[in-house]
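Each chain is listed here by its residues.
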Amino acid sequence: MSETVIPYMVKPNPVTGIPNGKFAIWLFLASEVMLFGALFSSYVLLRTGAPHWPPEGGLSSEILNVPLATINTMVLITSSITMVLSWASCKLGDLRKFRMWMASTIALSFVFLVIKYFEYHHKFELGHYPSHDNFYAIYFTLTGLHGIHIIGGIIVNTFLLTIGTRMWKTDPEHFTNRVENAGLYWHFVDLVWIFLFPALYLL
Amino acid sequence: MSLKAFHVFFVCISVLFTLGFGAWAVADYSRTGSTASLVMAIGGFIAAVALIWYGLWFLRKLKGVSYL
Chain A
1 MSETVIPYMV
11 KPNPVTGIPN
21 GKFAIWLFLA
31 SEVMLFGALF
41 SSYVLLRTGA
51 PHWPPEGGLS
61 SEILNVPLAT
71 INTMVLITSS
81 ITMVLSWASC
91 KLGDLRKFRM
101 WMASTIALSF
111 VFLVIKYFEY
121 HHKFELGHYP
131 SHDNFYAIYF
141 TLTGLHGIHI
151 IGGIIVNTFL
161 LTIGTRMWKT
171 DPEHFTNRVE
181 NAGLYWHFVD
191 LVWIFLFPAL
201 YLL
Chain B
1 MSLKAFHVFF
11 VCISVLFTLG
21 FGAWAVADYS
31 RTGSTASLVM
41 AIGGFIAAVA
51 LIWYGLWFLR
61 KLKGVSYL
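Protein chains in written order, with our numbering: chain A, 1 to 203; chain B, 1 to 68.
Since the hints were made in silico from the structure, they are not lab data. Quick caveat: nothing in here was measured; it's all calculated off a predicted structure. Heads up, the beta-carbon is just placed ideally off N, CA and C, and yes, glycines get one too. Hints may be right or wrong, so weigh each one.
[Unchecked claim] Capping the alpha-carbon separation at 27 Å, the derived lysine-lysine pairs in DSSO-like fashion look like this:
hint: 1; chain 1: A; residue 1: K116; chain 2: B; residue 2: K61
hint: 2; chain 1: A; residue 1: K91; chain 2: A; residue 2: K169
hint: 3; chain 1: A; residue 1: K11; chain 2: A; residue 2: K91
hint: 4; chain 1: A; residue 1: K123; chain 2: B; residue 2: K61
hint: 5; chain 1: B; residue 1: K61; chain 2: A; residue 2: K91
hint: 6; chain 1: A; residue 1: K123; chain 2: A; residue 2: K11
hint: 7; chain 1: B; residue 1: K61; chain 2: A; residue 2: K11
[Stated by the list, open to error] Some, not all, of what chain B presents toward chain A, calculated at C-beta under 10 Å:
hint: 8; residue: S2
hint: 9; residue: L3
hint: 10; residue: F9
hint: 11; residue: I13
hint: 12; residue: G20
hint: 13; residue: W24
hint: 14; residue: D28
hint: 15; residue: S30
hint: 16; residue: G33
hint: 17; residue: G44
hint: 18; residue: A47
hint: 19; residue: L51
hint: 20; residue: I52
hint: 21; residue: Y54
hint: 22; residue: K61
hint: 23; residue: V65
[What the hints assert, rightly or not] The calculated label-pair distances, taken between Cβ atoms and stated as ranges, are:
hint: 24; chain 1: A; residue 1: L35; chain 2: B; residue 2: V39; range: 46 to 56 Å
hint: 25; chain 1: A; residue 1: G152; chain 2: B; residue 2: G20; range: 21 to 31 Å
hint: 26; chain 1: A; residue 1: V10; chain 2: B; residue 2: S34; range: 46 to 56 Å
Turn these sequences into a full structure, and let the hints steer you where they fit.
Here is the structure:
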C-alpha cells in the first residue's frame, strides 16, 4: 500500500503563500472566533436585558475572586511567552531549550487549571451552580469552554514534548511548523481569557 | 500570519489589558480603600512596563524571522 503524503507541509503552498498546516490552523481559529463570539454575544444580550447584573445584586468583582483570576491571567500571559520561546528555540536549532520552554508552558497550564479548580470548588460549596441564575450560567459556560480548550492545548503540547519530538531527527523544519501551529492555538486561547477576565470579573 | 506576528499582537493586547486593569484597580481602591486593590493596581502597571520591555526584546531577538 502506498503512503499518502500531504503536500506543502513545510514549504509554502503557492496558492496561499503559507504551508498547509498553518492555513488549516487559521481556518480552525476562525471557527473558534465564531464559537466564542456567539457566546460573548449571548453574554452581552443577557447582561443588557437584565434589570441588575449580577441578578443577585452587588458587583461581579465582589462575587467572583478577582485576585485569583488576576494570578491566572498572569500565568496565561507567561505561558504564551514560554510557548513562543519554545518555537524560537526550534528555529535556532536548540532542542534542549525547546524542551525546557515547552515543559514550562505545560506546567503553567496545569497551574491555571488548579487555580480554576479552587475557584469552581468554592462556588459549588456556596451552592452556586450554572442553574443558580443567568450570571453563573454564562460564567460557567464561558470559563468551562475555555478550560476545555486549555486541556486540549495541554494534550497537543505534551505530544510535541514527548513522542512528537521524534520528528526533530528526521524533519526538523516540519516539527518547527507543528510547534508554531500549536503556539498559534495557544495564543488564541490566552487571548480569549484576556477578554473573558475583564468582561466577567471586572465590569 | 506567523507566530511572531501573532505574538507581537498578543503582547500589544496584553499591555492594553494590564493598563486597563491597573486603572480598574485604582478606581476600586478609591471606592473600597482595599489594600489588595492597591497591590493589584501597582502590579498591573509594573506588568505593563515589563511587557513593553519584553516586546522590544522579543522583536530584537527574532529580527530575522518572517512575519508571514
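Given the proposed pairing of A:K116 with B:K61, does the C-alpha separation stay at or below 27 Å?
-> Distance ~34 Å between A:K116 and B:K61 Cα, so the pair is violated.
Regarding the hint that B:W24 lies at the interface with chain A, is the smallest CB-CB distance below 10 Å?
-> With a minimum Cβ separation of about 5 Å from chain A (threshold 10 Å), the hint on B:W24 holds.
Decide if the proposed pair is consistent with the structure: A:K91 and A:K169, CA atoms, cutoff 27 Å inclusive.
-> Holds, at about 14 Å.
Have a go at the B:G20 hint: is there a Cβ in chain A nearer than 10 Å to its own Cβ?
-> With a closest approach of 7 Å, the B:G20 hint holds.
Agreement of hint B:I13 with chain A interface, Cβ distance less than 10 Å | With a closest approach of 6 Å, the B:I13 hint holds.
Answer holds if the nearest beta-carbon of chain A is closer than 10 Å to that of B:S30; otherwise answer violated.
-> violated (14 Å)
Within a Cα-Cα threshold of 27 Å, do A:K11 and A:K91 meet the stated pairing?
-> holds (15 Å)
Do the numbers back the hint for B:G33, that is, is its least Cβ distance to chain A under 10 Å?
-> Hint violated; B:G33 Cβ to chain A Cβ min 14 Å, cut 10 Å.
Hint says 46 to 56 Å; check whether the CB-CB distance for A:L35 and B:V39 agrees.
-> With Cβ atoms ~35 Å apart, the hint is violated.
Hint check: is the beta carbon of B:V65 less than 10 Å from a beta carbon of chain A?
-> holds (6 Å)
Classify the hint on B:K61 as holds or violated, based on whether any CB of chain A lies nearer than 10 Å to its CB.
-> holds (7 Å)
Keeping to a limit of 27 Å between CA atoms, is the pair of B:K61 and A:K11 held or broken?
-> holds (24 Å)
In terms of the numbered hints stated before, the structure departs from hints 1, 4, 6, 15, 16, 20 and 24, listed from lowest to highest.
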